[in-house]
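Residue numbers (the numbering used here), protein chains in the order written: chain A, 7 to 363; chain B, 9 to 249; chain C, 6 to 560.
I should point out that these hints are in silico values taken from the structure, not numbers from a laboratory. Since we're looking at a predicted model, the values are computed, not measured. Be aware that one or more of the hints could be misleading.
[Stated by the list, open to error] Simulated DEER-style distance windows between Cβ atoms:
1. Pro81/B - Leu29/C: 52 to 60 Å
2. Arg258/C - Ser252/A: 48 to 56 Å
3. Phe169/C - Ser252/A: 34 to 42 Å
4. Pro81/B - Val48/C: 26 to 34 Å
Where a beta carbon is used, it is the ideal one built from N, C-alpha and C, also for glycine.
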Amino acid sequence: MPTKFQRWKERITATDIVMWFIGFALLVFIILGSILTLRAGRYTPVQWFDFVIYGLAQGSIYALVAMGYTLVYGVLRMINFAHSEVFMSGPFTAYYVAAYFYRSSLLESHPVICLIIVFIVSMTISTLIAFLLERIAYRPLRNAPRLIPLITAIGASFTLMYLFRGLYGTGFQAYPVWEIFSGKWALFKGLEIGKIQVFVIFAAALVMVALYLFIQRTRIGKAVRSVSEDKEAASLMGVDIDKTISVTFIIGGAAAGAAGVLYALVFKQVFFMMGFIPGIKAFTAAVLGGIGNIPGAMLGGLLLGLLESIGPALFLDGFNIAAPYQLKDAIAFLVLVLVLIFRPTGLLGERLAVKKA
Amino acid sequence: MDGLDIEIKEKTIHSVIGPNGAGKTTFFNCITGFYKPEAGEILLENHSLVGLMPDRIVRLGIARTYQNIRLFPDLTAIENVLVGMHAHLKSSYLGIILNTPFVKKEEQEAEAEANRLLKFVNLETKANMLSKHLPYGDQRRLEIARALATRPKLLCLDEPTAGMNSGETQAMCDFIQSLRDDLGITIMLIEHQMRVVMGISEIITVLDYGKKLAEGTPDEIKRNPKVIEAYLGQGSAAQAH
Amino acid sequence: MEQIRAIWRYGIKVGIIGGIVLILTALIGMIEVFTQRQIIADVVSMGHALYLAAGLFICYLAAERTTPAKPLWIISNSMFAGLTTAFFLVLLIILGRHVNLRLMFINASDLLLNNLLTFGVQGNDGLRLLLIAGMGVGLFTGLFYLLPKFLRTVILWSLAGSAFAGVLQELIRPILANNFPDVISEWLLTSDGLTLKGALSIFIFIALIVISWSIKGGGIRQGWQGLPKKQQSTWRTIGTIILLAVILIAPWRLGLFMSEVMTIVGLYVLLGLGLNIVVGYAGLLDLGYVAFFAIGAYVTALITSPEIMNLNWSFWSAIPFAIFFGILAGVLLGVPVLKMRGDYLAIATMGFGEIIRLLVLSDALRPFLGGSQGIGQIAKPQVLGFVFKGPQEIYYLIVAGCMLVIFVSWRLKDSRIGRAWKAMREDEDVAQAMGINLVSNKLLAFGTGAGFAALSGVIFGSKIGSIYPHSFNIMVSINIVCLIIFGGIGSIPGVIVGAAALIGLPELLREFAEYRFLVYGIALVVMMLIRPEGLWPEEAHKRELHEDKTNEATG
């Protein structure tokens, strides 16, 4: 019989060692950075509180968009690369409605009604785009090899992005400001909280809960879940697969349209490429939470928002790095890569991500 | 699976049978390294296989085929066989780019051997066809040729006659026997069709719920009351005759 | 009733979609911008050609869909399609008269709505003309559809050829002027488009080629196959030599602009061939490929530029370092993603690519990598006093690079390692069960691809002289993946064709840069829908098709 050491040597690969090393180094880096930052005491508790609130607001937008990625991945096992353009199309179109309200000073007299209309327009357009996208670009490729839908999605993403650029122009359009959302509410001990952040968090939570209940409780929602669990079985049980997939895109589109308006309210501008970065972040959020898992997308979105907002200050500032805030996107991507490497199922994912589909 | 103890003797045809879900394919997957057994030991000529990567196990001399044929669909028949020979070729990266005499010679020899194997499985005329376009029976035999290309000591065949009619099945049986007789390879066989198993195996192991129910020659198995009761049942018993 | 509805229903269905598509085309300003370029001087502009071609295409689809395919029904459906499409445009024009569309659609100009869409006729006469034109196009298309297939093919090829020549006439002019007597140029071209007689002659010329090929082509192919092996290979050698000669003299014959375009295409061919090994052979979808390109360029910059490290070494000494660091990075980034597959691998590698770009861009690493200011004054390659400075000289460097990479790809393709890669692409588990070590073979693929990318990074850095992080964004990776798949995944000539189509053509049509990515996106989607195997698919498929034919012939 071989000795214990020989057995061990034959079975542990260099890859494992490298991976342990990477994981360990990162852990040390993060812990050391946090300790250094906290010891330096560069940020006041008020600032940390602001970071958390901004992070949550940003994160809830990611969470909404992530729903679209996660739902589509559930039913089609594909990354809907063009979802970021679904997110862009709604608020970009609704901008013209908002601008009209602003010019006609309806915005001042009836801000709530105007806001509702803007939401409806945005969600309608996003839903429509998502629906058409599936019908035209994805449906004919249902059984194609995996690379092909991905390339199609990239192509569709370009097409939509530059279609809207052609229609509405290349410029940044400044979203009108709703007076009701400007300013802050004072809390105790000098803490303040931005009205718009509160609104974003609540509105996003509302939409998410509504969609979640829709998927959990209604017949159509159950069909969506059954298709994402096992397409063949669902079709044997009499679920109309095509219709269910359309519904999935519609739900995702509506969530993205709502998220888009929230995004536009926070950043106060829209343009044709606005979807790209939030799109990738939202996808990261979906992966972080466990792709295919709806509560996971919500959790992942919030976590990613927090990490992005707190991360640069907490992990990097302690090392006296110049302008750590520039690296917030890098932190988001790092989170994505690390999740994929060390926990491909995501935080709440049951499904094995490495499985071959 | 638990408490399974199977010994396979050199140059025998050893069948593993059992009802669906008895753990036959799981057993194969453990031997070839796709699953890791929680406990226990798998030895090939006293070399432990537990926890080794599948590619190491192949190099040690165990090759397999799959129940639902898994060829490389977009490679041609001969390429499939050449892939099987990968482990025994030694061309290095630089050697390939510079096309050294050694690489040239090795490639020629490999191609000759691949053609020989294709001829052995009666596919020499279809060497340049994409494997996905081959008819079913050809795909089965190509898969065996690919496994043979790894120069195995032990060849594990997972239901090689599944989906074949009786003529084809008979041809496959003769073929399996010729593998052992002509090439001297030990063969382990998972089978459903009793006629195949009884006809060609020397030793049969019966599995049920991951446990060994019985082991012995075809005659012993036929007469074993436990087997008849648990597995063969009345209908199948009649078929076995 | 159903029978009667069949006379118009397909036409109206297609017409509605066509109407919406044409409205969008008009509203994004494509038609208006394209009218600035004449195809046939003073007769047809590119805008109107697009407009008419879209109409023709819509009617053609309607005609194709008509069942039962009776001649009269085909014509009526085709006319209904034209009419419906025109009707939508009329609606748009009327809407534009009452509402200021420009508040929302910046390209909905008065010129477009009241002049271009109605062929220059204003007022209600224009609307009537538009409707009549719609029916006219429908009638024409219906009749065209009824022609025998052979004639249709000839006409389509000739039309496409003339249109192509018209669109690219600015390119053709210097080429003609440099290489042929002035008479030809004068016959074909005016200062801003083809002449009518020129267009006609091109039309007839192409028609003749197509006709003669369809009559003689089969014979030639058979004659070729009938030749003995030895003669075939002699002819092939001669062909290769001619091709090489053409490639070598091309930049001096085609002018500066074309050389510039060719260098860009060449760089993408180089990148594409590298990624083809990773994606096409080994099936590992890498969307962070641009990182290795960036590493090549930055290593060159650091080594040869007086900025930052102030080493001032020569261009040639940078090559081994760049390739070494490229391969190293390829392997290091490959290790963590070894266990990932498919989409997950794509996303993880994309993450790596972006992290690297963001790090380079950040102020944190600015002292080492130049941050957003980039690094300038990168050395140009020199040989014995000859400096590769302009595109015409750099071109040779790129051709040499491409040759090297093609050679390596070609050697690897059908070797032991190439087969292992392809097996992993087809089925990773089985590949492993056949004795293929996944770790080392994957890392070999990543390393090889990264090495090629670094090489092209070296050339790129030296070509443009100063590099900035924004040259290395995710779009580059996506472009490369797309060109590989567009050309035919795993196929070496496919990469070249793909690069020419996706990178070269848009470069040639620079003035329409605004629509470049739109057309690019549509092309990708349409390509995946109708011809997913790419323009020039891998050999194995062709080899097999050939085999099938001979089998049929013998059996």
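To see whether the hints hold, each was checked on the structure:
At roughly 40 Å, the beta-carbon separation of Pro81/B and Leu29/C lies outside the given 52 to 60 Å, and the hint is violated. For Arg258/C paired with Ser252/A, a C-beta distance near 55 Å keeps the hint of 48 to 56 Å intact. At about 39 Å, the CB distance of Phe169/C to Ser252/A agrees with the hint of 34 to 42 Å. As the Cβ distance of Pro81/B to Val48/C is approximately 53 Å, the hint placing it in 26 to 34 Å is violated.
The structure fails to meet hints 1 and 4 from the earlier list, while all remaining hints are met.
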